[in-house]
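We have chain L; now place chain R onto it with these hints.
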Amino acid sequence: MELGLIAIGAALAIGLSALATGWSQSKIGAAMAGALAEKPELAGNAIIMIAIPETMVVLGFVISFLITGLKPGE
Amino acid sequence: MLLTMSKVEIVGVKTLFFQVLEVLQDLGTLHLEDITKKRGPRYADLIPMEMDPALEEERNLLQNLAMRNNAILSELAPPDEKINRAELEKKYNSFKGKTLGEISAMVEEEEKATRELLTYKNELEVELSRLSKYEPIIKKVYPLASKVTATENYTSIALLIEERYKQVLEYIEKELEKITGGQCEVFSARVDENTHAAILVFHRRYSEQVHNFLAAENVNQVRLPSELADKPYDEALKEIETRYQEIPPKLKKVREDLEEISNKWYTTLVALKDYLADRIQSLEAIPKFGQSGHVFVITGWMPSDKVEETRRILEERFEGKVELTEEVPSHDEMEEAPTALRNPGAVKPFEFIYMLIKPPKYGHIDPTFLVAIFFPLLFGFMLGDMGYALVLIGVVFLMKRMLKKRETKSIFFGLFANVLLICSISSFIFGLLYFEFFGDLLFRLFGWKDAAGHLEVQWVWGYTANGKPFGWPLERIAQANPDMFKLLLIIVIIIGVLHMGGALLIGLIDGIRHKDRKHAIEKAGYLLFILGLVVIFGSLWGIKSAKGVAVPLGAVMSLVGIGMAGYGGGFGGGLEAALTFGNLLSYARLYGIGLASVILAEVSNELGAEFGGGAMVVLGVVVAALLHTLNIALGVLSPSIQSLRLNLVESFTKFYKESDVVYKPFKRSGGE
Numbered sequence: 017m018e019l020g021l022i023a024i025g026a027a028l029a030i031g032l033s034a035l036a037t038g039w040s041q042s043k044i045g046a047a048m049a050g051a052l053a054e055k056p057e058l059a060g061n062a063i064i065m066i067a068i069p070e071t072m073v074v075l076g077f078v079i080s081f082l083i084t085g086l087k088p089g090e
Numbered sequence: 009m010l011l012t013m014s015k016v017e018i019v020g021v022k023t024l025f026f027q028v029l030e031v032l033q034d035l036g037t038l039h040l041e042d043i044t045k046k047r048g049p050r051y052a053d054l055i056p057m058e059m060d061p062a063l064e065e066e067r068n069l070l071q072n073l074a075m076r077n078n079a080i081l082s083e084l085a086p087p088d089e090k091i092n093r094a095e096l097e098k099k100y101n102s103f104k105g106k107t108l109g110e111i112s113a114m115v116e117e118e119e120k121a122t123r124e125l126l127t128y129k130n131e132l133e134v135e136l137s138r139l140s141k142y143e144p145i146i147k148k149v150y151p152l153a154s155k156v157t158a159t160e161n162y163t164s165i166a167l168l169i170e171e172r173y174k175q176v177l178e179y180i181e182k183e184l185e186k187i188t189g190g191q192c193e194v195f196s197a198r199v200d201e202n203t204h205a206a207i208l209v210f211h212r213r214y215s216e217q218v219h220n221f222l223a224a225e226n227v228n229q230v231r232l233p234s235e236l237a238d239k240p241y242d243e244a245l246k247e248i249e250t251r252y253q254e255i256p257p258k259l260k261k262v263r264e265d266l267e268e269i270s271n272k273w274y275t276t277l278v279a280l281k282d283y284l285a286d287r288i289q290s291l292e293a294i295p296k297f298g299q300s301g302h303v304f305v306i307t308g309w310m311p312s313d314k315v316e317e318t319r320r321i322l323e324e325r326f327e328g329k330v331e332l333t334e335e336v337p338s339h340d341e342m343e344e345a346p347t348a349l350r351n352p353g354a355v356k357p358f359e360f361i362y363m364l365i366k367p368p369k370y371g372h373i374d375p376t377f378l379v380a381i382f383f384p385l386l387f388g389f390m391l392g393d394m395g396y397a398l399v400l401i402g403v404v405f406l407m408k409r410m411l412k413k414r415e416t417k418s419i420f421f422g423l424f425a426n427v428l429l430i431c432s433i434s435s436f437i438f439g440l441l442y443f444e445f446f447g448d449l450l451f452r453l454f455g456w457k458d459a460a461g462h463l464e465v466q467w468v469w470g471y472t473a474n475g476k477p478f479g480w481p482l483e484r485i486a487q488a489n490p491d492m493f494k495l496l497l498i499i500v501i502i503i504g505v506l507h508m509g510g511a512l513l514i515g516l517i518d519g520i521r522h523k524d525r526k527h528a529i530e531k532a533g534y535l536l537f538i539l540g541l542v543v544i545f546g547s548l549w550g551i552k553s554a555k556g557v558a559v560p561l562g563a564v565m566s567l568v569g570i571g572m573a574g575y576g577g578g579f580g581g582g583l584e585a586a587l588t589f590g591n592l593l594s595y596a597r598l599y600g601i602g603l604a605s606v607i608l609a610e611v612s613n614e615l616g617a618e619f620g621g622g623a624m625v626v627l628g629v630v631v632a633a634l635l636h637t638l639n640i641a642l643g644v645l646s647p648s649i650q651s652l653r654l655n656l657v658e659s660f661t662k663f664y665k666e667s668d669v670v671y672k673p674f675k676r677s678g679g680e
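Protein chains in written order, with the working numbering: chain L, 17 to 90; chain R, 9 to 680.
Where hints are given, some of them may not hold.
What the hints assert, rightly or not - Okay, derived cross-link-like pairs now, DSS-like style, lysine-lysine, Cα gap no bigger than 25 angstroms in a straight line:
| no. | chain 1 | residue 1 | chain 2 | residue 2 |
| --- | --- | --- | --- | --- |
| 1 | L | K55 | R | K366 |
| 2 | L | K87 | R | K494 |
| 3 | R | K457 | L | K87 |
| 4 | R | K476 | L | K87 |
| 5 | R | K104 | R | K672 |
I should point out that these hints are in silico values taken from the structure, not numbers from a laboratory.
Since the structure is predicted, the reported quantities are computational estimates derived from the model, not experimental observations.
Next up, chain L with everything else stripped away, as it sits in the complex:
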């Protein structure tokens, strides 16, 4: 039972943060694509902007990794 909860916890940590990142990147990506069509010189900024929400999934991954290391009863 506890092992199952640990697994669900880990899955939620990575899954929800990945969804959040994906959603944010889709918004930023679309906006930046529009901006780039007008001003191609913004390419550098576009990369940075798109990379910003990655923080969520990276931290989610780290937390998920930590959770999977737990043993039932700890």
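The following block gives chain R in isolation, referenced to the frame of chain L:
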């Protein structure tokens, strides 16, 4: 670092203006300023120089010549051998003694020599491309057309029909017989597995009715070039086939002739292109200068170490009739000072960052050195793998070879190759620390893993709180050892503290240098806040005995820091200081990205090993190699972007001021 610039003013007798301009263009150090945009008493008596009609005409002629010369140049392929600089210089100088009439005659001669060949080449290429569209049709219809013998009174139409609609042919044949009263014949054959070809032969007088019928039934006819439309099908196709065969050798000969011309003329054309561009640039610069009575005035900026040399050259060349003086720039003028970077070889490649953002403002600190330290450090921390590093060094070697062979001229490509080389070296060093070679290949080879698959430390540096050893190699997948995980997290936070601390220190120095008290206090506040956090967490995770004193002390330092930041930067400053904690946590990505990379590398090896022994080993190696390739590609992309982000978002936002003016000296063109 940023070059120290000096504001200069050059005053001379008007009659020497063009000679002075030529000397300045040859020296290539002066960043010209537009005198028409200058305000203030110093410029009140100056009238902007104007181009008289003769100069306007000269400029138009030069532009026309440049356009024609560039058109020829763009049509010629560069010779295989690199252009000789000395020869280019010689040719360039030879134009200086020539009149515009002579140059114009030369361009005409070039045009004459190339125009005919280029037109012929274009015609052949167009025809070849046109005929190539008929090639598949010829292949299908020709065998059938050769069986048809048409007489003068008869004409023919070819059709290509998909195999599944071949019944249509019977209907067409019946209708054709009705239209022509039996004066027709239909030849058809299957030409490939999907297509049926048919040739309809009928009396010429029914041509219109037949075409109308086919159009009404929406049947696609095979159309031949208009000049061959009246010929019988077999003849027309034979002619197309013959022409199709004849063109490539002719085209080859024309290309060879053009190559010969290119070998003979290319350097001259490039030299002329530069010469004309420089003359046009000189003329177009005239309205930027000022005049007063019999003198002209040129203002601009140049590197301070070039001022004396330029002054001496002008003095010697014009015997005191032209004078260069160094001005003391006003505060407003300092805002317009151009930025020029001069960094040592190892730091220079990291100037690539200014392709993404504007370069630093003049008078502030150039942070390229900070990027040069932290970009490879962060990259290596994330992609620490000796095997991957060696692959990347190989990629850099290939990129350098491409650059040497001039397969690409991109400046970014060259800078990227150098940055990647430095990052690969960093990746190798970290790989050595983690002892990773394509993931855990070496651990498997040396048997340094215990039964649970965890790394056995070979060189113990110490023990974590739970009594587990840590040391070399440093295990990145420290899942079973939370203390080790904490240690790695502390390392990345320390890197973050150093990185952000460095940035804040630059901001503080900038504030002190510019006597901007509030700015300096704001940056000092951020620094104090971070130091407070270091004291708190240092006592909680490290020196626990000092916890009683360190925690309150750290808290006070942090609060005072927020207060100072609030005083210096207003409400936003205070808030920013508190958010700095979030910026520090953001460095945890270093661990996360690295972890993802090493796990994927281990999965690659595990998957490869699953294929077992014997002949399957080869398949296992292929699968592992493919996954490793994917991991390397991700491993370059992700750490590069994340490292860039940490530099631009976490570090640069703390101090960076962008420049709007980049140093662009008035100089000669550099050839191709």
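Against the structure shown, which of the earlier numbered hints fail to hold, in ascending order? none
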